[in-house]
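Going by my numbering, the first residue of the sequence shown is number -2, and it counts up by one from there.
Hints in this document: simulated from the structure, not taken from any laboratory. On a predicted model such as this, the values are computed, not experimentally measured, just so you know. Some hints here could point you the wrong way.
Claimed, not checked - Computed spacing ranges between beta-carbons, pair by pair:
1) A112 / F35: 37 to 45 angstroms
2) L109 / M(-2): 18 to 26 angstroms
3) P80 / F43: 34 to 42 angstroms
4) G21 / S104: 20 to 28 angstroms
5) V113 / G61: 28 to 36 angstroms
6) R111 / G81: 17 to 25 angstroms
7) K87 / F27: 19 to 27 angstroms
Virtual Cβ for every residue (Gly too), placed ideally from N, Cα, C.
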Amino acid sequence: MKNFFLTWLGTAVALLITAHIVPGFSVRSFVAALVAVFVIGLVNAFIKPILSILSFPITLLTFGLFTFVINALTLWLASVLTPGSGFEIKGFLAAFLGSIVLSIVSSLINYLLRAVE
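Whole structure, please, built from the sequences with the hints as guidance.
Now the structure itself:
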């Protein structure tokens, strides 16, 4: 349970950092980041597997690069599902760049959190 909360907090911090790096990607507060990370987790748990299965042929043809598009779409969908929460993504390009930056930053933060344990 402790790892879950550390990962959740680490990803929320990564979301705030991503908002400062990527234009068109905004998070107003830490609470908004916590809510956004929760919704992103739900979207990744329920909708992303369906999208991955449906897009498997194109993912195979692009040697897995279409996965970046799926990640961007799920991140964008999470922002659409949380209107007025302080988490907003303006456009597909911001979602695409944000998904790449978010995955890198959250991986680094979660690695550092695991090293401290």
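Output the indices of the hints that this structure fails to meet, ascending.
1, 3, 6
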